[in-house]
Amino acid sequence: KAGVTQTPRYLIKTRGQQVTLSCSPISGHRSVSWYQQTPGQGLQFLFEYFSETQRNKGNFPGRFSGRQFSNSRSEMNVSTLELGDSALYLCASTASGGLTGELFFGEGSRLTVL
Amino acid sequence: GQSLEQPSEVTAVEGAIVQINCTYQTSGFYGLSWYQQHDGGAPTFLSYNGLDGLEETGRFSSFLSRSDSYGYLLLQELQMKDSASYFCAVSANTGGFKTIFGAGTRLFVKA
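As you go down the protein sequences, you meet chains A and B in turn.
Take the position in the first sequence, starting the count at 1, then add 336; the result is the number in the numbering used here.
Take the position in the second sequence, starting the count at 1, then add 114; the result is the number in the numbering used here.
There may be inaccurate statements among the hints.
As the list claims (entries may be wrong) - Among chain A residues calculated to face chain B with C-beta under 7 Å, some are:
1. L379
2. E384
3. N392
4. F396
Unchecked claim - Per the computed footprint, the stretches of chain B lying under chain A, defined by three or more beta-carbons under 8 Å from a beta-carbon of chain A, are:
5. 181 to 194
6. 198 to 209
7. 212 to 225
Hints are computed from structural coordinates only; laboratory data are not their basis.
Just so it is clear, CB atoms sit at the ideal spot from N, CA and C, and this is done for glycine as well.
So that you can see chain A by itself, here it is in the shape it has in the complex:
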């Protein structure tokens, strides 16, 4: 069974640009969550999607958005990039809606903003 796949793995952007990151969950998983990870900050919750609906959103500005498609694949978009957006963006999927706590993470997309 394939794991969670995130693309691209690495990318470099400049301030003011926008970026779209993609996540393909494990087959059969309908819940996808996104996290931002920076050194010393742990994983900051961005949003969670289930069956194409955003069920929860973290405390991030409106520049951060996402969506989920009917095949459960998800994308997140960051517009008007700032230097502080440089981070590892992790996607996680779960079959149970996370009720048993087990999230399956992808390897992440490392974004560098110059």
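Take the given structure of chain A and dock chain B to it, following the hints.
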């Protein structure tokens, strides 16, 4: 809102036992999880406690006390490969499911 507290760093020697504590504050608490992350890798699930008590999985055990909003991860017979970051995470149902992570504990295992 939600908040989790865990030590930033712990050092132990190979073969020893180490305990990483986690205290949390959240509404809609559902359960406490632990994840391991090696440098450059993705977080991987270690354990989940939905009820009070101890859960054991090989060398790792996890404990939860809902009344104290407290849990811990216990690692026994430490090995060098256990050097990693460990995150506690709270699953909460607040009008929708989400899992909130602590800042992580960096574990250094010395020979």
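message: Is the coverage entry for the segment 181 to 194 of chain B by chain A consistent with the three-residue Cβ rule at 8 Å?
response: violated (count 0)
- request: Have a go at the A/E384 hint: is there a Cβ in chain B nearer than 7 Å to its own Cβ?
  value: Hint holds; A/E384 Cβ to chain B Cβ min 5 Å, cut 7 Å.
Restraint outcome when A/N392 is required to lie within 7 Å of chain B by C-beta distance: 4 Å, holds
query: When the nearest CB of chain B is found for A/L379, is that gap smaller than 7 Å?
result: 4 Å, holds
query: Okay, the segment 212 to 225 of chain B and chain A, do three or more residues pass the C-beta test at under 8 Å?
result: Holds, because 7 residues of the segment 212 to 225 of chain B bring their Cβ atoms closer than 8 Å to Cβ atoms of chain A.
message: Quick check on the hint: A/F396 CB to chain B CB, less than 7 Å?
response: Check failed: Cβ of A/F396 comes no nearer than 13 Å to chain B, outside 7 Å.
message: If you count the residues of the segment 198 to 209 of chain B with a beta-carbon closer than 8 Å to a beta-carbon of chain A, do you get 3 or more?
response: Holds: 5 residues of the segment 198 to 209 of chain B have a Cβ under 8 Å from chain A.
When held up to the earlier numbered hints, the structure conflicts with 4, 5 and fits the remainder.
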